[in-house]
Amino acid sequence: MKRIYRIAYMAAAGGAAWAAALQLSLPTPARVAVLLAPLLLLVAFGMYMLLLLAYGALTFRSCPEEAQKLHSDICRARKDLVKQGYAFDKELQAGLSSDG
Amino acid sequence: MPGDDSTSNKCSIIIPSYNERDNIPILLWLIEEACSKASIAYEVIIVDDASPDGTQQAVKQMQQVLGADKVLLRPRSAKLGLGTAYRHGLQYASGSWIILMDADLSHHPKYIPTLFKVQQQSSADIVTGTRYTAGGGVSGWNWKRKLTSRGANVLASTLLGLRVSDLTGAYRLYRRSVLEQLLHVVTSKGYAFQMEMIARASALGSSIAEVPIVFVDRVYGQSKLGRSEYTMFISGLLRLFFTL
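The listed protein sequences correspond, in order, to chains A and B.
Residue numbers for the first sequence follow the numbering used here, beginning at 261 and rising by one.
Residue numbers for the second sequence follow the numbering used here, beginning at 16 and rising by one.
I should point out that these hints are in silico values taken from the structure, not numbers from a laboratory.
Keep in mind the model is a prediction, meaning the values are calculated, not measured.
Certain hints may be false.
Unchecked claim - Just so you have them, the derived chain A footprint on chain B, three or more residues with Cβ under 8 Å:
hint: 1; stretch: 31 to 45
hint: 2; stretch: 169 to 179
Said to hold, decoys possible - In silico DSSO-like links for lysine-lysine, alpha-carbon gap of 30 Å or less:
hint: 3; chain 1: B; residue 1: Lys-125; chain 2: A; residue 2: Lys-343
hint: 4; chain 1: B; residue 1: Lys-85; chain 2: A; residue 2: Lys-339
hint: 5; chain 1: B; residue 1: Lys-125; chain 2: A; residue 2: Lys-339
hint: 6; chain 1: B; residue 1: Lys-159; chain 2: B; residue 2: Lys-204
hint: 7; chain 1: B; residue 1: Lys-161; chain 2: B; residue 2: Lys-94
Claimed, not checked - If we take Cβ atoms under 8 Å as the criterion, some of the chain A residues that face chain B in the derived model are:
hint: 8; residue: Gly-316
hint: 9; residue: Phe-320
hint: 10; residue: Ser-322
hint: 11; residue: Gln-344
Heads up, the beta-carbon is just placed ideally off N, CA and C, and yes, glycines get one too.
Just chain A, same shape as in the assembly (with noise of 0.2 Å):
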């Protein structure tokens, strides 16, 4: 079944089940439980995408080191196909010689 499908059935479901709650004679109190929950479920699930997102976030590595690596691999690579007869643009090399 097609997940916004499901998404919707289980919706639907839930809201009949609000609903049928909402008929039942219950004190106050628990009366304006049952009315909020789906707004309280609907913050809950916002806190959560934004747990998930800060986390996410937190742990998603900065490496510079790497960007180093693959300078020195690009250096390799030109010394070894220029050996091999490739002709680098000369626009390039000279470029390359005066940047980090």
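Fit chain B to the supplied structure of chain A, relying on the hints for placement.
For chain B alone, coordinates are given in the frame of chain A:
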């Protein structure tokens, strides 16, 4: 797959390119280094979209260096999309395993042996590089870019219910039969294309493994990222959410 010997499982590496004259020779050299060290039989298929900067000349030079059996140039006449570039390249592929990767050295060829190793260990249909798990990462991005990228992937994996951490990543190894099926049905463009590949693969029952990679922001040339990429991503994600 017949035989454990990796040389009986040839790999076709399909690389779409546009204005990558400076990166192509380095990329091909590094691919040769990684694959020869790991005894991986391979061919690279460069799908160049009529680059005006001499990319195709660079590829032809590399054919002299590495051999025309390893370096294939299959250009197109105009700047067309990524998905169609993969489909175009696949027509000429002789390997039973296909690697899709970028031309700008952000996807380092040194991970190719690892992709194969993990595939052999897990028997997965797809092995995708991920920037987000332990051992992975990125170089050259500020905190905003990192947050956007991670946020987009967290949102997408939650909305689509997929346990793959890097849905927008484009450095992947595919079993050829699976890739052929996917390319027939995937219609999204841009980042959403990569997401849809995984989403549909998952829907087909394909197994997906992940390998941590470090993505190094491009060294030479122009990045092709623009604001329209973000809007395309959101609309692509929503389309997948409502139709898959």
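Verification of the hints:
no.: 1; hint: 31 to 45; in the structure: holds (count 6)
no.: 2; hint: 169 to 179; in the structure: holds (count 5)
no.: 3; hint: B/Lys-125 <-> A/Lys-343; in the structure: holds (22 Å)
no.: 4; hint: B/Lys-85 <-> A/Lys-339; in the structure: holds (21 Å)
no.: 5; hint: B/Lys-125 <-> A/Lys-339; in the structure: holds (18 Å)
no.: 6; hint: B/Lys-159 <-> B/Lys-204; in the structure: holds (23 Å)
no.: 7; hint: B/Lys-161 <-> B/Lys-94; in the structure: holds (28 Å)
no.: 8; hint: Gly-316; in the structure: holds (4 Å)
no.: 9; hint: Phe-320; in the structure: holds (5 Å)
no.: 10; hint: Ser-322; in the structure: holds (6 Å)
no.: 11; hint: Gln-344; in the structure: holds (5 Å)
Figure legend: structure checked against the earlier numbered hints; every hint is met.
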